[in-house]
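Visitor: Protein chains in written order, with our numbering: chain A, 831 to 973; chain B, 831 to 973; chain C, 831 to 973.
These are calculated hints, taken from the structure and not from any lab test. Treat the hints with care, since some could be wrong.
Which copy? The list can't say, so a pair holds if one copy fits it or any two copies do.
In silico lysine-lysine, DSSO-like type, Cα no more than 27 angstroms apart, as pairs [to be verified]: (1) LYS897 with LYS918; (2) LYS968 with LYS930; (3) LYS897 with LYS917; (4) LYS917 with LYS968; (5) LYS918 with LYS968; (6) LYS930 with LYS845; (7) LYS917 with LYS930; (8) LYS968 with LYS845; (9) LYS897 with LYS968; (10) LYS930 with LYS918; (11) LYS845 with LYS897; (12) LYS897 with LYS930.
One letter stands for each residue in the lines below.
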Amino acid sequence: MPHLVILYTANLENKVDFGPMCRELADTMLAQRDEQGQGVFPLGGTRVFAFPAPHFAVANGQPPEGKEMGFVYLNLRMASGRSADVKKTVGDALIGVLHKYVDAAVASDLVGVTLQIDEIPSSFDGRISSLHPYFNTKPTQSK
Amino acid sequence: MPHLVILYTANLENKVDFGPMCRELADTMLAQRDEQGQGVFPLGGTRVFAFPAPHFAVANGQPPEGKEMGFVYLNLRMASGRSADVKKTVGDALIGVLHKYVDAAVASDLVGVTLQIDEIPSSFDGRISSLHPYFNTKPTQSK
Amino acid sequence: MPHLVILYTANLENKVDFGPMCRELADTMLAQRDEQGQGVFPLGGTRVFAFPAPHFAVANGQPPEGKEMGFVYLNLRMASGRSADVKKTVGDALIGVLHKYVDAAVASDLVGVTLQIDEIPSSFDGRISSLHPYFNTKPTQSK
Numbered sequence: 831m832p833h834l835v836i837l838y839t840a841n842l843e844n845k846v847d848f849g850p851m852c853r854e855l856a857d858t859m860l861a862q863r864d865e866q867g868q869g870v871f872p873l874g875g876t877r878v879f880a881f882p883a884p885h886f887a888v889a890n891g892q893p894p895e896g897k898e899m900g901f902v903y904l905n906l907r908m909a910s911g912r913s914a915d916v917k918k919t920v921g922d923a924l925i926g927v928l929h930k931y932v933d934a935a936v937a938s939d940l941v942g943v944t945l946q947i948d949e950i951p952s953s954f955d956g957r958i959s960s961l962h963p964y965f966n967t968k969p970t971q972s973k
Numbered sequence: 831m832p833h834l835v836i837l838y839t840a841n842l843e844n845k846v847d848f849g850p851m852c853r854e855l856a857d858t859m860l861a862q863r864d865e866q867g868q869g870v871f872p873l874g875g876t877r878v879f880a881f882p883a884p885h886f887a888v889a890n891g892q893p894p895e896g897k898e899m900g901f902v903y904l905n906l907r908m909a910s911g912r913s914a915d916v917k918k919t920v921g922d923a924l925i926g927v928l929h930k931y932v933d934a935a936v937a938s939d940l941v942g943v944t945l946q947i948d949e950i951p952s953s954f955d956g957r958i959s960s961l962h963p964y965f966n967t968k969p970t971q972s973k
Numbered sequence: 831m832p833h834l835v836i837l838y839t840a841n842l843e844n845k846v847d848f849g850p851m852c853r854e855l856a857d858t859m860l861a862q863r864d865e866q867g868q869g870v871f872p873l874g875g876t877r878v879f880a881f882p883a884p885h886f887a888v889a890n891g892q893p894p895e896g897k898e899m900g901f902v903y904l905n906l907r908m909a910s911g912r913s914a915d916v917k918k919t920v921g922d923a924l925i926g927v928l929h930k931y932v933d934a935a936v937a938s939d940l941v942g943v944t945l946q947i948d949e950i951p952s953s954f955d956g957r958i959s960s961l962h963p964y965f966n967t968k969p970t971q972s973k
């Protein structure tokens, strides 16, 4: 953990630069610090995935002429135990990055962007990784 | 919120008409009314995404000759707070729409369709949108 | 239920054999037995979906020359009510299968693989299926 999963309507493929957006979202996650100045997320466990939906429906599907309706949904799943302040800081930082990438599409078309943070307790947490050893980081266990 | 995410085995691409199905599911969500006659879901926040899985496995993977095994999983994620009656009405309405689109494939092949409704409390809920202002709707906050 | 959803960075498409991996993961799920010797998962309700993410970011995005950074995230969602022992046995069995398919990529590149098991209570559980009748299995209801 953590991971950030992005689901988006495929009609936004050429309106939002998803590849660089993933990179900057990951970099922003990695830059987060908690109240003790420690990194909030481990370098070896941080990942962002973005999936275009080839079939979709948004609102009533009837945009004004020349506009499209699209949606970008982002879900950051993290282990529980971080403070409310840390979660708000992380969420606000990611929203800041999103503005840079989506504002043009939000202005030209009818586009919604929603970011949620879930802390879901898992019943099992298994791992195989060459990332944590490489970065000498320790995975955070989900509770 | 809300959103409906559809995961399906890619071998159903030509057996189920996913594009129109997404549209009719969204329209059905938008037509739902609660006990006070209010819309259950906000026009500007309603979206449906469908994702074909290029790799998959269903049951034992050994259908009778000439049949395929496929699956469609639908997850409606909504903010908590709606009544049990409203959730049942919404679920039943969506299942009604699904019958129209999947019954032929369920009859000709071995196909499972499951719809679940999740009310997942989020730790953070951020938004950027030109949809809500356009429709003059208010997002429902997840709790 | 249950289903196993696999999200992976698309750069692993030719490094991990996802199709056969899905099949063997499903077979392994179907082989699980509980303390009473009963099958843990119903034949007609077991499915595995794998989705490549065309856009992604892993860790700092700066692998050593000649290596790639990739991630495979697996989430097994099941109805609640199984014992801690059963969940651990299931998780360990799936990790065992994963080793067979991912160890080469984990060794040659910087790759993380995480499996989590979620027991998420749903507010609604609807089904249309020709799989359960065919296998004469009963769906397990999520609680």
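Visitor: Now tell me, hint by hint, if it's right for this structure.
Guide: Here is what the structure says about each hint:
no. : hint               : in the structure
1   : LYS897 with LYS918 : neither (33 angstroms within a copy, 35 angstroms between copies)
2   : LYS968 with LYS930 : between (32 angstroms within a copy, 24 angstroms between copies)
3   : LYS897 with LYS917 : neither (34 angstroms within a copy, 33 angstroms between copies)
4   : LYS917 with LYS968 : both (20 angstroms within a copy, 24 angstroms between copies)
5   : LYS918 with LYS968 : both (24 angstroms within a copy, 21 angstroms between copies)
6   : LYS930 with LYS845 : within (12 angstroms within a copy, 34 angstroms between copies)
7   : LYS917 with LYS930 : within (21 angstroms within a copy, 37 angstroms between copies)
8   : LYS968 with LYS845 : between (37 angstroms within a copy, 25 angstroms between copies)
9   : LYS897 with LYS968 : between (47 angstroms within a copy, 21 angstroms between copies)
10  : LYS930 with LYS918 : within (19 angstroms within a copy, 40 angstroms between copies)
11  : LYS845 with LYS897 : within (12 angstroms within a copy, 31 angstroms between copies)
12  : LYS897 with LYS930 : within (20 angstroms within a copy, 30 angstroms between copies)
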